[in-house]
Amino acid sequence: MTGKYLLAYNISMEMDGVFKALADPTRRRLLDQLHSNNGQTLGDLCRNLNMTRQAVSQHLVRLENANLVATVWRGREKLHYLNPVPIHEIYERWIEKYEEQHLRALRDLKKRAERR
Amino acid sequence: MDKPQFVYVTYIATTPEKLWNALIDAKMTRKYWQHENISDWKPGSKWEHRGFDKERTLKVVGKVIESSPPRRLVLTWAFPADEAREEKHTRVTFEIEPLGEVVRLTVTHDRLEPESEMLKRITLGWPKVLSSLKSLLEVGRPLPELW
Chain A
664 MTGKYLLAYN
674 ISMEMDGVFK
684 ALADPTRRRL
694 LDQLHSNNGQ
704 TLGDLCRNLN
714 MTRQAVSQHL
724 VRLENANLVA
734 TVWRGREKLH
744 YLNPVPIHEI
754 YERWIEKYEE
764 QHLRALRDLK
774 KRAERR
Chain B
488 MDKPQFVYVT
498 YIATTPEKLW
508 NALIDAKMTR
518 KYWQHENISD
528 WKPGSKWEHR
538 GFDKERTLKV
548 VGKVIESSPP
558 RRLVLTWAFP
568 ADEAREEKHT
578 RVTFEIEPLG
588 EVVRLTVTHD
598 RLEPESEMLK
608 RITLGWPKVL
618 SSLKSLLEVG
628 RPLPELW
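Chains as they are written, first to last, in my numbering: chain A, 664 to 779; chain B, 488 to 634.
Please note that a few of the clues may not be correct.
Covered stretches of chain A, going by a simulated chain B footprint (3 or more residues, C-beta under 8 Å) [stated by the list, open to error]: (1) 736-745; (2) 750-756.
Dumping the calculated SDA-like pairs for lysine to any residue here, alpha-carbon to alpha-carbon at most 20 Å [stated by the list, open to error]: (3) Lys741/A / Arg710/A; (4) Lys490/B / Thr734/A; (5) Lys607/B / Lys741/A.
Rather than coming from a laboratory, the hints here were simulated on the basis of the structure.
All C-beta atoms in this analysis are idealised placements derived from N, C-alpha and C, irrespective of residue type, glycine included.
Between the sequences and the hints, there should be enough to build the whole structure, so can you do that?
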C-alpha cells in the first residue's frame with residue numbers, strides 16, 4: 664500500500680483504536696473524570712475508582728494509545744488530559760454542520776424531560 | 488510551575504516544516520482555521536489572529552514568546568479588549584515532534600481564568616481547528632464551515 668491508500672488505511676486504524684478504547688465502561692469513566700477535572704495524576708484517578716493502581720494504569724495506556732488521553736510531565740508527576748481531537752474527527756465524519764442545531768435542540772429536550 | 492489546563496494532541500502525516508508553516512502562514516491558516524495568523528514571528532513581536540470578513544475583524548492578539556522553527560512556538564493569547572491587561576493574557580504552546588512517518592503536534596493552553604469567555608471559546612475551538620488542520624495537510628481538504 665502506498666500514498667492515498669496507506670493514508671486511508673491509517674485513518675481507519677486510528678478510528679478502530681478510538682472505538683475500542685471507548686468500548687469499556689471503566690475507560691469511559693476515566694474520561695468523564697478528566698472531563699470534569701483535567702490534568703490528573705494516576706493517584707488522583709485511582710482515588711475515585713475502586714480499582715488497583717495497576718488496572719487503572721493499563722486502562723490509561725489504552726486511552727493514551729488511542730490518543731484520547733494526552734500526558735504531560737510536571738516535575739516527577741505525570742498529568743493526564745482528556746484529548747477530544749479524535750472524537751471530533753469521528754463527529755465531523757458523520758454530522759453535517761446544519762444538523763448540529765437540530766441535534767442540540769433534541770439533546771436539550773431530552774435533558775429537560777429527564778430532569779422532571 | 489503552572490499546570491497546563493488543556494493539552495491537545497494530533498498525529499499528522501506530514502513534515503515538521505510543513506506543519507510549522509501551516510501555523511504561521513496567513514494563507515494556510517485561512518484555509519483550515521478561517522482566520523489569518525499574522526506576525527513576523529520573532530520573539531517579542533506582536534501577533535494577530537484576524538477574520539477574513541470585510542472588516543478583517545481582530546479576534547485574538549498577543550506576543551511571540553518563543554519561536555524555534557520547526558519545533559516550538561509559544562504565544563500569548565488574549566481578546567483585543569484585554570491587550571493592555573497582561574494579567575488577562577493566556578498562553579499557547581505548539582510543540583512539533585517528528586515520529587517516523589508522522590508528526591505529533593501538541594497544543595497546550597494555560598493561564599486561563601476558570602469560567603471565562605476565553606476558556607469556553609477555546610474548549611470548543613481547538614478540537615475543530617486541529618482536525619481541520621490534519622484534514623488539510625493529509626488529504627488536501629480542510630473541514631467546511633468551522634465557525
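Structure-based check of each hint:
1. 736-745: Coverage by chain B holds for the region 736-745 of chain A (4 residues, Cβ < 8 Å).
2. 750-756: With 4 residues close enough to chain B, the hint holds.
3. Lys741/A / Arg710/A: It holds: about 16 Å lies between the C-alpha atoms, which stays within 20 Å.
4. Lys490/B / Thr734/A: It holds: about 12 Å lies between the C-alpha atoms, which stays within 20 Å.
5. Lys607/B / Lys741/A: Between Lys607/B and Lys741/A the Cα gap is close to 25 Å, so the pair fails against 20 Å, i.e. violated.
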